[in-house]
Amino acid sequence: MRIWPIVLVTLLLFTVCKPDVRAQRAGNNEPIRVGVLHSVTGTMSFSEQSVIEATMLAIEEINAAGGVNRRQLVPILRDGASDGETFARKARILIEEDKVDVIFGCWTSASRKSVLPVITEHNHLLFYPVQYEGMEQSPNIVYTGSAPNQQIIPAINWMRKRYGEHMFLVGSDYVFPHAANAIIRDQLTSVGGSIAGEAYVLLGDTLVSGIIDEILASGADVIVNTLNGDSNIAFYEALRARGVTPSHIPSISFSITQTEYQIMGEELLKGDYLAWTYFQQIDSEANQKFISAFRNRYGADRVVTDPMEAAYIGVHLWARAAAITRSTDPVSVRSVIGGLSMAAPQGPVSVETRNQHLWKSVYIGRFAANDDIDILWSSPKPVRPLPFPPYRPRQSWEYFLQGLYESWGGAWTNPGITEAQP
Amino acid sequence: MGWSLDKPGYHGGTAVKKFASIAVRLGAFFLLIALIPVLVTALFSSTLYTKTIQEERTEALSAVADATRDRIEDFILTRITDVNALSNLSMWVNLLRLEGENVIQVSQAARLNLMAYISEKEYYDLLLIDLDGMIRLTVKQERNLGLNIYGEELNASELTNVVDASITLMQTEISNFANYSPSEGFAAFIASPIFDEGRIIGSIVLQVDQGVLTRVINRYQGIGETGDILTGTRIDGSIMITTPSRFDPDLALQIVDEDQFPPLTASLMGDQGGGIYVNHRGHEVLAEWRYLPSLNWGMVVMVNTAELYAATTYFFGVLTWIVFFAVLLAIGGAILTYKGVSGPLVQFANDVKSIKKNRLPESVPIRGRFEIAELGKSFNTLLSSVRAYQSNLESEVDSRTRDLKEALQVAETANRAKGVFLATMSHEIRTPLNGVIGFTELLKDTPLNEKQRIYVESAQVSGKSLLRIINDVLDISKIEAGGLKLELDYVDLRKVFRESMQIIATQAKAKNLKLVLEIEAGFPWLAEVDETRLKQVCVNLLSNAVKFTEHGEVCLTVTAKETSDGKCQYRINVIDTGIGIHPQSADKLFSAFSQADSSTSRKYGGTGLGLTISRLLVEKMNGEITLKSTPGNGTTFTVNFEARNKPENTSRDKVMINIVDELLVGDFSAVPLQDSKASSKSESDNEPTEPGLFDTLRILVAEDTPLNMMLIKAVLKARVPDALILEAKNGKEAVDIVTSNTVDMVLMDVNMPEMDGLDATRAIRKFEKENVRPSVPIVALTAGVLVEDRNLALESGMNGFLTKPLNVTELKDVMITLLGEDNLRFKD
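The listed protein sequences correspond, in order, to chains U and D. For the first sequence, the working numbering begins at 1 and goes up steadily by one. For the second sequence, the working numbering begins at 423 and goes up steadily by one.
Since the hints were derived computationally from the structure, they do not count as laboratory data. Yeah, the Cβ is synthetic: ideal placement off N, Cα and C, and Gly gets one too. Warning: the hint list may mix true and false statements.
Claimed, not checked - Here are some chain D residues pointing at chain U (derived, C-beta under 7 Å):
| id | residue |
| --- | --- |
| 1 | Leu591 |
| 2 | Met592 |
| 3 | Phe617 |
| 4 | Asp618 |
| 5 | Arg621 |
| 6 | Tyr713 |
| 7 | Asn718 |
| 8 | Thr979 |
Unchecked claim - Okay, the calculated bits of chain D under chain U, using three or more residues with CB under 8 Å as the criterion:
| id | stretch |
| --- | --- |
| 9 | 487-496 |
| 10 | 690-696 |
Work the whole structure out from these sequences, hints included.
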C-alpha cells in the first residue's frame, strides 16, 4: 500500500491552499505607478527640487515598509519646467499615458491652477504641498500646504500686536501675493489697522528700488513680503542698502524658507520674521526622525522646509488612505482621505473632510544667527484649515480671483504686458 | 484422522507480525484516507474563519471608530457653524454699539428667545463679549456677567484663550473643556468674532456643557458588551481622560499614566490605527485609535478580544467535536473493515499456518462473506484433494519402504557374508603364501647358481606381490565391513613422511626419479594420527606416482594450517611428472579395482586398490583426497585431513626441504626386472632358447608380463626340455609369429596390451581359414577363473584353458590332449 504519495499530496494541498485572505484579496502584485510633477528646469526648479527629494524619500520609505497593499510604488517624475502650460501637459501625460494613480506635485498657484482642469477632467487626484492663498477647494486636490488662516492671518495678527498696524504689502505679481494681500487688507481693516502701501514686482524681476522709496515714504510699521524667487534678493539688498533694518521696519515673509535664508545670508535677513506650519527646528521625535531620514538620504548639511514636509506628509497620507480602502484608485482614495490623521513632523495633522486641507499647527520664526531660525510662537493646537476666510462669503473670494485671472489675460501670473501699455 | 490447530490467540510473539498484517495496513490506510480530508478541511476552515473573523472585526471596529470620530467632528462643526451663523446676525453689532461699557440689558422676550435657541441647540449659555473683553451679555446671567475675560478671575481661562484665538484667526474657534468657575462645572466655549463693516468689534461665545459632548461620544453601538470609548487630551504634557469610561465613570477628568494608554498617546500625536493591546483594566482588547482635530483630542475605541473572538472560540469548539467524531467514525470504519475483511483473513492465515504437515484437517473454517467465503471454500477443496493424494502416497511409500528395507537387509547380509568370506579367504590364502615366501627366502640362502637365484628371487617377488594384493583386498573388505579402527597417537609426522619416502626410494631409484620431500617451516609436526595408516596412504600415493612417472621427479609437500584450538588442517600433496590422468577418468580412480583405463593396468600393472584404500583411509580420518591432473603433465594428489596437534612442539626449524636422494637406502644392483621392455630384451639376449630333442615342437608363449613370461618359460623348459619356445609380448606379435612360422602350440594370455588374446586368436583362426592351414592349438592362459572367461576364450577359437599361476599338471593334461601323448616328452 503506497501511503507516502497520499501524505505527499496532502502536504502539497496544505501548501497550495494555505489560507491567506489578504493575499487572495490583494490579487494584484503589479507595482503602483505614482506621478511626481514638479519643475526640474526653469526658475522654480531650485525650490521644487527639494520637494521632489522629500516626495521620493516618502515613496522609498513606503516601499521599504512593504509598499501599499503589498505593491511597490514606482514614481514617475515629469518636469513642469516652471511653466503652467507645461505643467498641464505633463499632468495629462502622467494620467493618460503613464497611467499613474496619483500625482504629487506643483509649487506655484499658477501651476496648480493650470493642472486643476486636467485633474478634474479625469476625476483624478493631486497632492499639493505648498502654502498658498486659499480660495480654492477641489475634490480632486488634497492640499497639504497651509491655507491663509494657517499662515498669513495668525502671522499678521502677531506682527500687528508687536510692531504696529500700519503695514506695507510687497509681493510678486501673480495670484498668491494678490490673494494674500487681499486677506491681509481685510484683516488689518478688521482690527483697525491700515495699509501703508501695496506694490508688486513681476515674477523674477529685480526692479525694486522704486518700491523701497514707497515704503520709506509710507512710514510703514511692518513690511509684509510675499515676493517669490530672485526678487527677494534684490529687494532685501536694496532695503539694506537704504539703511532699513529689522529694528527700523521689521518685515515678515511668507515665501522665504530656511533654504533661501542660507543663500541670502544673515546680512540681508537676520532679525526679520517668517511664518510657516513647519520649521526644521521643531523639537519632536517625529521631526527628528524625518530630518535624519532626509539627511541620510540626501546629505547631512541639508535643511528641511515647510513645503518639503508637506510633500512628505502628502505621500504618507495617500499611502494610508490607499491601505485603508485597499485600492489606489483616485476615487477610492478620496473617499477615505477625509478625517485621516497622522503624526507628522510638525505635530498631529488631519485631513479636513469638507475641504481636503490639513489641520496644521502654525509657527512664527525669526531669522537668527548661523542661518538658524528661532521659533517665537506656535499655535496652541492645530488650526482648522479655512481656504475661504469665513468673514467673506465664498463667492466673494471666487469673484476676486476671477478678476485677477481676467486682468492678466487668462493667466494666473501677470505676464508683464500691461506695463508696456500705457 | 483428527486434526489440531494451534490456539489462535494473539500472544505477544505475534505483535510484529500483526503490525505487518493486511489488517493494520488497511486500517491505517482507511484512517488516513478518512482523516486527511477532515483534518485539511478543519485546518483550512479554522484558519480561514479565524482570519476572516479577525479581519472583519478589526474592520468593524475601525468603522465604529471612524463613525465616532466623524460624529464628534460633525457635532463640533455643527456647533461652529451655529456660532458662525449666529455671529453674522446684525443684532450683536447693534447691541455692542450701545454706548457705555455696561452690561447690556435686553428685553425679557428677547432673552427668552435666546434661551429657547440655546436650549434647543443644547448650549449651556450664550455670551457677548466686547473687544475690551467685557462680558456684556449672558443668557443664563450667571456670576460671569460683567466680568472681563482679561480680568483676574478669567484671564488665562479657556474662555479667554478661545476668544483670543477666534479674533487672531478671524474664525470661529472652540476651546478645550475645562473647569469654568462661574458655572461651577466643566465647559467648553465656541467663540466667533463679530464684524462691523470689516472691523472686529467683539465676540459671540456659546458655552457647551461637557455632558452634551459626552453623550455624543459615549455611544456604544457596535462594540458589544465589553466595548468602551475613551478620549483624552494633553494638559501640560500629561494625558487627561476627557469623557467618562463606560466601566469606570470616575476616570473622567483624571490625569492618567500615559504608559497605560498607549493608543491615546499615539492618537494625540495624530496617529491613527488599530491593534491588540492590554488596556488599563488588564483586559486584552482590540483597539482602534483616532485623532480628533476639532478638540485636539485622542480617542480609542476598544473591545475585549474574548468577546470579539467568541465566535471563533465557539467555532473551534464545534470543529474540535466534528473532528473528534470524524476520527471516531474513521476508527469505527477501520474496525468494521478489520472485522469484515482483514480479521477473517488473519484468522484464516493463522489457522492455515498452524496446520500440522502430516495431519491435514478435513477443512479450515473461515468466518467471512463474499470473496472471503469463496476463498475458504476453494482452499478447503484444495485441502481435501491434497488429503486424498496424501493418504494414497502414504500407503505407497509404506510398501516401498518395506520392500527397500528387505532388499537392504538382503544386501547387507550378502555384503557381510562377502566380507567374512573375503577375510577368511585372504587368511586362508595368506597362510600358504607366507609359506611360499618364507621357503623361497630360505631357498635364497642355499647355494644356487645364477639362474636358480633369479628364479627364487622372482618367486619371492611374485609371492610378495600376491601377499600385498591380498592384504589390500583384506584391508578394503575390513574397512568396508567397518572393522578398521584408527589407532591414534601423537606421532612425529616428519618421520612418517620420511619413512614413506624411504619405502618407495628403491622403486624411484630404479626409474631414475628424483624424490623430494618439502615440509613447511613451523610445521606442527606432532600430530595425533594413526601412523601406520597415514604411512600407508603416503606410500600408496607415492608408489602410484612413481609407477606412472617415467622421467622427472616425485614430490611430497606438506603444509598445515591451524583451524581451531589444538587442531590443524594438514595438506599433503604428492606431485609427479608422469603421464597424468584424463579428467573423465579421475572420478573412477578411487573406486575399487579401477585404473584410468584397462590398458593402463596392462602396461603398469597393479591392482588399482591402492588409491581405493587410500581414499577409504583418508575418509576414515575425516579427510578427503582429491586430484588435479592434466594428461601428459603429471598429477597432483592432495590429501586434506584435520588432526589434533601439540603446538608447543611446533618445529621452529627453517624451511625444511629434503631432497630425498640422500635417504635412498640400499642399492639394487641386480634388479630382476627394471621395465618390461628392458627385461624382455635382456631376456631374449641373455637367454637364447636352446633347441631341445624334440626340435619339431615349437611352442609360442604370448604373455605381456615379463615375470609370467619367465615363469612360463621356466616351467616349459623344465617340463618340456626339447620344445622350442617362441615369445610374443602381445596378441599382435603372436599373430605375426603364428602367420609367419610354424607353431605347434600357443599359450595365449588373454589380457594383453595392443591386442588381447581373444582378438589374436580370432585373427589367427581367420588367417588359417583364409590360407587353408591346419589350426594351431591355442590354450588360454589367464588369471580369470570365472566360467565366463572360459566361455569367451573357447568362443574366440581357443582350444584349451589354463589359469595362472600355472599348474604343471593341468599344463600336462592340456598339452597331452592337444598334441597327443606321442608327440610330447613331458617331464614329471
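Hints breached by this structure
Result: hints 4 and 8 break, sorted rising.
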